[in-house]
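So you can see what is in the structure, the chains are spelled out below.
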Amino acid sequence: MSLTNDDIKQKLTEKFGEQVYEFEEPYGMLTFEAPKDLNLKVLNFLYDDEALKFRFMTDLCAVHYPEKTGRELAVVYHLHNLVDNIRIRFKVFTDINKPDIYTASGLFSAANWMERETYDFYGVNFVGHPKLKRILNVDEMDYFPMRKEFPLEDSTRIDKDDEMFGRGGTLGFCERTDHGNATIAEADKPDETGRNII
Amino acid sequence: MARPVSYNLVKKPLEADISIADMPEGQQGEGFFATKLSNVIGLARKNSIWPLPFATSCCGIEFMATMGSHYDLARFGSERVGFSPRQCDLLMVMGTIAKKMGPVVKQVYLQMAEPRWVMAVGACASSGGIFDTYSVLQGIDQVIPVDVYVPGCPPRPEAIIDGVMRIQDLVGKESLRRRNGEQYKLLLESYGIQ
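Taken in sequence, the protein lines are chains A and B. In case it helps, my numbering puts the first sequence at residues 1 to 198. In case it helps, my numbering puts the second sequence at residues 1 to 194.
No lab work stands behind these hints, which were simulated from the structure alone. The reader is advised that the hints may include incorrect statements.
No more than 16 Å apart at the CA atoms, straight line, and that leaves these computed lysine to aspartate or glutamate pairs for EDC-like [stated by the list, open to error]:
1) B/Lys99 with B/Asp72
2) B/Lys100 with A/Asp139
3) B/Lys106 with B/Glu189
4) A/Lys41 with A/Glu14
5) A/Lys91 with A/Glu24
6) A/Lys68 with A/Asp95
7) B/Lys99 with A/Asp142
8) B/Lys99 with A/Glu140
9) A/Lys36 with A/Glu18
10) B/Lys36 with B/Asp132
11) A/Lys9 with A/Glu33
12) B/Lys100 with A/Asp142
13) A/Lys131 with A/Asp120
14) A/Lys148 with A/Glu72
15) B/Lys100 with A/Glu50
16) A/Lys36 with A/Glu14
17) B/Lys99 with A/Asp120
18) B/Lys100 with A/Asp120
19) A/Lys91 with A/Glu22
20) A/Lys131 with A/Glu117
21) A/Lys11 with A/Glu50
22) A/Lys148 with A/Asp95
23) A/Lys133 with A/Asp100
24) A/Lys133 with A/Glu117
25) A/Lys98 with A/Glu72
26) B/Lys100 with A/Glu140
27) B/Lys99 with A/Asp139
To give an idea of the chain B side of the interface with chain A (calculated C-beta under 7 Å), a few residues [claimed, not checked]:
28) Lys100
29) Tyr134
30) Arg178
It should be emphasised that the depicted structure is a prediction, and the values quoted were computed from it without experimental measurement. C-beta: ideal position from N, C-alpha, C; glycine also.
Kindly produce the complete structure, drawing on both the sequences and the hints.
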């Protein structure tokens, strides 16, 4: 009898009780959440238990939810049971002002670089990481790019030509104000045969 | 509807089986030919450019096609591509250069011996391309001086060959004293290169 999502859920609630919550199954993949102080305990349990055997970490990433004050940064672990071919997702949430999470690099070596990338882009501080420094961006960068705190375009850029990029300028591209009703004039609609598309 | 073909409409007759570079202008006589030294050196250099392909992304694939037999770049003298900057004349930067890669490109450029030329192939090397973002260098001319830009995303092999032919024009007409001159020194200093 192979492992099912319900078995995993039952084993988790047996061991941790009310501390694992928010069980969901989007697209059939069991997803749950736990407080951030327990993340290593849960990961170790999922690793060591002989029935669960989640010994492969597929991914470690973060998400920034700016509207959830107190729980802005989510760190998401994707684990895989290679024997029974079951995947599971485990999330921990943390405050953006104090984003300390215990590192999983002692348990999974793959977590080493993935946590460095998460630190590089979101600023999550992994406590106990052997070398937590920027991995993909330039070392001198002082902000965390993937946080949703920045405007889409840098308004102080001077090296991009406004005219060529459709922002005002003398030619006046994209200066329309009728963004509300975009209708096609009768004459320009393609006729029944599908032609007359200029 | 497709645009009508506008190039290569008239079939050119084959003049000779082998094409040889044209002779520079000069005085010819019984057993001698006199011309300017810069003409001769330019002629020799331009038909034997050794490129250094700094291929990063998609434009690198187009360069691989250019070096293949269909769009042969070797017939322009660039038979031997080298990957050592000490031995190459032309640095071809093909592909997106991230800000983290900028100092690497600069280091490769510094290791090249004079005379050296730089060609930026593709939109990303010329100006950052479609990647208007925090991590992409908006054109390699932020870090090294560039001689020829080949636009395109990616440029067709014919366009890359056209770029090489423009470099050949530059090489053939370059003055022998250019690299020691004041203007060149000022150009390099503006990039922080002594």
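Here is how each hint holds up against the structure:
1. Among the hinted pairs, B/Lys99 with B/Asp72 is inconsistent with the structure: their alpha-carbon atoms are about 32 Å apart, more than 16 Å.
2. Among the hinted pairs, B/Lys100 with A/Asp139 is consistent with the structure: their alpha-carbon atoms are about 8 Å apart, no more than 16 Å.
3. Pair hint B/Lys106 plus B/Glu189 holds up; C-alpha atoms about 13 Å apart against a cutoff of 16 Å.
4. The suggested pairing of A/Lys41 with A/Glu14 holds, with an alpha-carbon distance near 14 Å, which does not exceed 16 Å.
5. For the given pair, A/Lys91 sits about 11 Å from A/Glu24 by alpha-carbon distance, which is consistent with the 16 Å threshold.
6. For the suggested pair A/Lys68 and A/Asp95, the alpha carbons sit about 9 Å apart, so the restraint of at most 16 Å is met.
7. Distance restraint check for B/Lys99 and A/Asp142: the Cα-Cα separation of roughly 14 Å lies within the 16 Å cut-off, and the hinted pair is therefore satisfied.
8. The suggested pairing of B/Lys99 with A/Glu140 holds, with an alpha-carbon distance near 11 Å, which does not exceed 16 Å.
9. For a cut-off of 16 Å, the pair hint linking A/Lys36 to A/Glu18 stands: about 14 Å separates their Cα positions.
10. With a C-alpha separation of about 47 Å, the suggested pair B/Lys36 and B/Asp132 falls outside the 16 Å cut-off, and the hint is violated.
11. Taken as a hint, the A/Lys9 and A/Glu33 pair is honoured in the structure, with Cα atoms around 12 Å apart against an allowance of 16 Å.
12. Note on B/Lys100 and A/Asp142: the hinted pairing holds, with a Cα-Cα distance of about 14 Å set against a maximum of 16 Å.
13. Between A/Lys131 and A/Asp120 the alpha-carbon distance is near 12 Å, which keeps this suggested pair within the 16 Å criterion.
14. In summary, the hint linking A/Lys148 to A/Glu72 is supported, as the alpha carbons are separated by about 10 Å, within the 16 Å threshold.
15. At roughly 44 Å between alpha-carbon atoms, B/Lys100 and A/Glu50 are farther apart than 16 Å, so this suggested pair is violated.
16. Between A/Lys36 and A/Glu14 the alpha-carbon distance is near 19 Å, which puts this suggested pair outside the 16 Å criterion.
17. The hinted pair formed by B/Lys99 and A/Asp120 meets the criterion: a straight-line CA distance of about 15 Å does not exceed 16 Å.
18. The suggested pairing of B/Lys100 with A/Asp120 holds, with an alpha-carbon distance near 13 Å, which does not exceed 16 Å.
19. Between A/Lys91 and A/Glu22, the direct Cα distance comes to roughly 10 Å. Compliance with the 16 Å bound is thereby established for this hinted pair.
20. At roughly 12 Å between alpha-carbon atoms, A/Lys131 and A/Glu117 fall within 16 Å of each other, so this suggested pair holds.
21. Simply put, A/Lys11 and A/Glu50 have alpha-carbon atoms about 11 Å apart, close enough for the 16 Å limit, and the pair holds.
22. Simply put, A/Lys148 and A/Asp95 have alpha-carbon atoms about 14 Å apart, close enough for the 16 Å limit, and the pair holds.
23. For a cut-off of 16 Å, the pair hint linking A/Lys133 to A/Asp100 stands: about 15 Å separates their Cα positions.
24. For the given pair, A/Lys133 sits about 9 Å from A/Glu117 by alpha-carbon distance, which is consistent with the 16 Å threshold.
25. Pair hint A/Lys98 plus A/Glu72 holds up; C-alpha atoms about 10 Å apart against a cutoff of 16 Å.
26. Only pairs whose Cα atoms come within 16 Å are accepted, and B/Lys100 paired with A/Glu140 is accepted, the gap being roughly 10 Å.
27. Of the supplied pair hints, the one linking B/Lys99 and A/Asp139 holds, its CA atoms being roughly 10 Å apart against a limit of 16 Å.
28. With a least beta-carbon distance of about 5 Å to chain A, the hint placing B/Lys100 at the interface is held under the 7 Å criterion.
29. A cut of 7 Å between beta carbons decides the hint on B/Tyr134: the least distance to chain A is about 5 Å, and the hint holds.
30. A distance limit of 7 Å between C-beta atoms decides the matter here; for B/Arg178 the minimum to chain A is near 28 Å, and the interface restraint is violated.
Of the numbered hints listed earlier, those contradicted by the structure are 1, 10, 15, 16, 30.
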